[in-house]
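Start from chain A and add chains B and C according to the hints.
Protein chains in written order, with numbering that gives the first Met the number 0: chain A, 0 to 248; chain B, 0 to 267; chain C, 0 to 231.
Everything labelled a hint here was simulated from the structure, so no lab data went into it. Note that this is a predicted model, so its numbers are computed, not measured. Each residue gets a CB set at the ideal place from its N, CA and C atoms; glycine is no exception. Among the clues, some could well be false.
Quick list of in silico lysine to aspartate or glutamate cross-link-like pairs, EDC-like style, CA-CA up to 20 Å [stated by the list, open to error]:
1. B:Lys46 <-> C:Asp179
2. A:Lys137 <-> C:Asp179
3. A:Lys75 <-> A:Glu24
4. B:Lys231 <-> C:Glu90
5. A:Lys137 <-> C:Glu224
What the simulated footprint calls covered on chain C by chain B, stretch by stretch (three residues with Cβ under 8 Å from a Cβ of chain B suffice, anywhere in the stretch; the number is not a length) [said to hold, decoys possible]:
6. 154-164
7. 189-195
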Amino acid sequence: MTSLNASYLPSSSGLLAPPALCFDEVAFSHEGKHLLGPCSFTLDGIGPTMVMGPNGSGKSLLLRLAHGLLSPTRGKICWSGQELCPRQAMVFQQPVLLRRSAIANLMHALAVNHVPRRERMKLAMEALDRFGLAACAKVPARVLSGGQQQRLTLARAWLLSPQVLFLDEPTSALDPAAIKAVEAAVLEFHQQGTRIVMTTHDIHQARRLAGDVLFLSGGTLCEHTSADAFFNQPVSPKAQAFVAGELIE
Amino acid sequence: MRKTFKLMLAVVAAMSLTLSAYAADYITLASTTSTENSGLFDAVLPKFTDATGIEVRVVAVGTGQAFEIARRGDADSLLVHDTAGEQRFVENGYASERADVMYNDFVLIGPASDPANIRTAENAAEAFSAIAKAEAPFASRGDDSGTNRAELRRWESAGVEPDGDWYRELGSGMGPTLNTAAAMDAYVMSDRATWVAFGNRQNLTLLFEGDKVLFNQYGSLLLSEEKHPHLKHDLAKQWHNWLLSEEGQQAIADFHVDGQQLFFPNAK
Amino acid sequence: MEDNAFCVALSLLVSLDAALFQIVVLSLKVSLMAVLIAAVLGFPLGAAVALWRFPGRGGVIVVLNALMGLPPVVAGLVVYLLLSRAGPLGELGFLFTPGAMVIAQVVLVLPILAALSRQKIEEMLGEYREQFISLGMSRARMMPTLLWDARFALLTVLLAGFGRASAEVGAVMMVGGNIDGVTRVMTTAIVLETGKGNLPLALGLGLVLLTLVMLINAGAYLVGEVTKRRLG
Chain A
0 MTSLNASYLP
10 SSSGLLAPPA
20 LCFDEVAFSH
30 EGKHLLGPCS
40 FTLDGIGPTM
50 VMGPNGSGKS
60 LLLRLAHGLL
70 SPTRGKICWS
80 GQELCPRQAM
90 VFQQPVLLRR
100 SAIANLMHAL
110 AVNHVPRRER
120 MKLAMEALDR
130 FGLAACAKVP
140 ARVLSGGQQQ
150 RLTLARAWLL
160 SPQVLFLDEP
170 TSALDPAAIK
180 AVEAAVLEFH
190 QQGTRIVMTT
200 HDIHQARRLA
210 GDVLFLSGGT
220 LCEHTSADAF
230 FNQPVSPKAQ
240 AFVAGELIE
Chain B
0 MRKTFKLMLA
10 VVAAMSLTLS
20 AYAADYITLA
30 STTSTENSGL
40 FDAVLPKFTD
50 ATGIEVRVVA
60 VGTGQAFEIA
70 RRGDADSLLV
80 HDTAGEQRFV
90 ENGYASERAD
100 VMYNDFVLIG
110 PASDPANIRT
120 AENAAEAFSA
130 IAKAEAPFAS
140 RGDDSGTNRA
150 ELRRWESAGV
160 EPDGDWYREL
170 GSGMGPTLNT
180 AAAMDAYVMS
190 DRATWVAFGN
200 RQNLTLLFEG
210 DKVLFNQYGS
220 LLLSEEKHPH
230 LKHDLAKQWH
240 NWLLSEEGQQ
250 AIADFHVDGQ
260 QLFFPNAK
Chain C
0 MEDNAFCVAL
10 SLLVSLDAAL
20 FQIVVLSLKV
30 SLMAVLIAAV
40 LGFPLGAAVA
50 LWRFPGRGGV
60 IVVLNALMGL
70 PPVVAGLVVY
80 LLLSRAGPLG
90 ELGFLFTPGA
100 MVIAQVVLVL
110 PILAALSRQK
120 IEEMLGEYRE
130 QFISLGMSRA
140 RMMPTLLWDA
150 RFALLTVLLA
160 GFGRASAEVG
170 AVMMVGGNID
180 GVTRVMTTAI
190 VLETGKGNLP
200 LALGLGLVLL
210 TLVMLINAGA
220 YLVGEVTKRR
230 LG
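Chain A on its own, in the form it takes in the complex (with noise of 0.2 Å):
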């Protein structure tokens, strides 16, 4: 792990096929009240994957499911076709950082890394720069403002080099020119190769980045399709509501 970069760039194009994901049956109770599933699917395409649904639909709790922060109660949850797990990483919706200065939130992960500790600050400098926070190094994560807060967590999830990334409504949260810059950095990790796995309730966005769309209702996947079919000729009735602009629940 010590170029971790270099350890998986893709050759030119970026669009290598990245890990597949695959849930089989997959169900999650908690406490006895059912919330999820079962359900099944095959992420194996390039992506980005948004997961779409209503509030309380289990997008959250889809994406803890695949990147491993809860197991799942019933079913099993593979990466091409293996249980190997790839390198992943995971933005939430409240950046989560810790009480240091901006630098040494990302020294802090690269160390958990195991990174020689004479690399850290090199690539931690490099990744500021990337998400355009260079100038914000020295100042503690927490004074930061939301937007480069988010970009921080970017930041941090871009030093791991990860073959999936998770996204939890990353952008909910922030004004325009913020969730631009996330959006923009979403991409840009898209085009590395990464796996983009993102929930958002935000329909403009989700047209803005998906490739293909996975719609939640009420805890059941109503719908796995590319995002031309679904933001067009959307199936389930649930789907066709939520294209619609209308509230459901």
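Quick look at chains B and C alone, frame taken from chain A:
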């Protein structure tokens, strides 16, 4: 972060050095609060240290606790005031030798109004029974100290079983007992030295003194070499002998508070 | 009398009395040393209890919380029996030395540092947990990160521990013996002077102790505030 940690380590190291540095030649002496509180040791110990180079570290507790400390082998020498207890200590093999060092006396203290009228008592027994009869508040050490043991003997010879609301066992040292007695206008038996040096008398005054049974003898003990071979017996013996020597006896006699001699050397 | 005590305290401070100075220095040394040792042991212990789930964990938490209220004389008695010649550690010859006082205060302060740091770190872990798992951190790896990120909260905990250490008298009296010039600290000196009926001097010493503890608290508070503002 590492800098802070290193700094902390350095501080800890430096402090543990200074904490563990102690004089090579010293003995630990278990003794009573009366000798410490009166200031006797402040006057006498420097003279001994000048003469021998030995430092004496005094742990001042009640006589009962002093015996216990010596019994467990935690002190090199013992200077207390309970002759009967001291003799038992020797008989039980914890000490090899006991010698009279000095004496003073116990006095009866009480509120100036003297409700039990002990001022006019002929002897100690009369004074004690007068207090019991009047059921006037009496503050007892109640801590198995030498003074406490002496006080209980006085009740016994007065033929009184001290019991009831008026008899208050405090379980404290001499000084705290005097403080409490001052606060509740109670009678109290104190050794003269602590009383003379005591600064918070309020209404209290000396009401009865002079009966021979109130004699308060201090003894020095040499602890058993067999029971506790690890103790500094050589140094302790030097201390013991010095106390009994002319020089030591003179140092005790020279100690005065407010022009009053508090301890009277009587080594044989 | 209060006026009197203030005068005594003031003149004690102004005259920089050598004996007083020695007592103050010893008090600080013993309590700071005890708190540092207790921190080195107690903070990781608190963090470990916050991080790991094991059978009897609830019991450990209850015991730690209860030990925060351990009466100093009980701690003193236990350490006394341990260090006494007749006790298991008697060979060390530690009884009636400052070292014994440090040990007794560590016994008193350790539960406070462990129990309070457990609480603070568990709170913080609630916020960080998912991110930590996402980063692939083991529990052992989370410990130093949490301890460092909780540093401001832990500073307050440290002060609570120092307050307890410097204010207690029962334990140091018992295992130190209040030996003049060797194990006499502020609190035992106050007990002694009270026993002598020197109430103004005792109160004066109390004021000096209070002033010191306040200065240390103010210093720590300032350092904490300044760094907090700087680091967010």
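Structure-based check of each hint:
Pair hint Lys46 (chain B) plus Asp179 (chain C) holds up; C-alpha atoms about 16 Å apart against a cutoff of 20 Å. Straight-line distance between C-alpha atoms of Lys137 (chain A) and Asp179 (chain C) comes to about 52 Å, which puts the hinted pair past the 20 Å bound. A hinted pair counts as satisfied when its Cα atoms are at most 20 Å apart, and Lys75 (chain A) with Glu24 (chain A) qualifies at roughly 7 Å. About 14 Å separates the Cα atoms of Lys231 (chain B) and Glu90 (chain C), which keeps this hinted pair within 20 Å; it holds.
For the hint linking Lys137 (chain A) to Glu224 (chain C), the alpha-carbon distance of about 18 Å falls within 20 Å, and the restraint holds. Only when three residues or more bring their CB closer than 8 Å to a CB of chain B does the claim for the region 154-164 of chain C stand; here the count is 0, and the claim is violated. With 4 residues carrying a beta carbon less than 8 Å from a beta carbon of chain B, the region 189-195 of chain C meets the three-residue requirement, and the given coverage holds.
Hint compliance for this structure: hints 2 and 6 are broken, all remaining hints hold.
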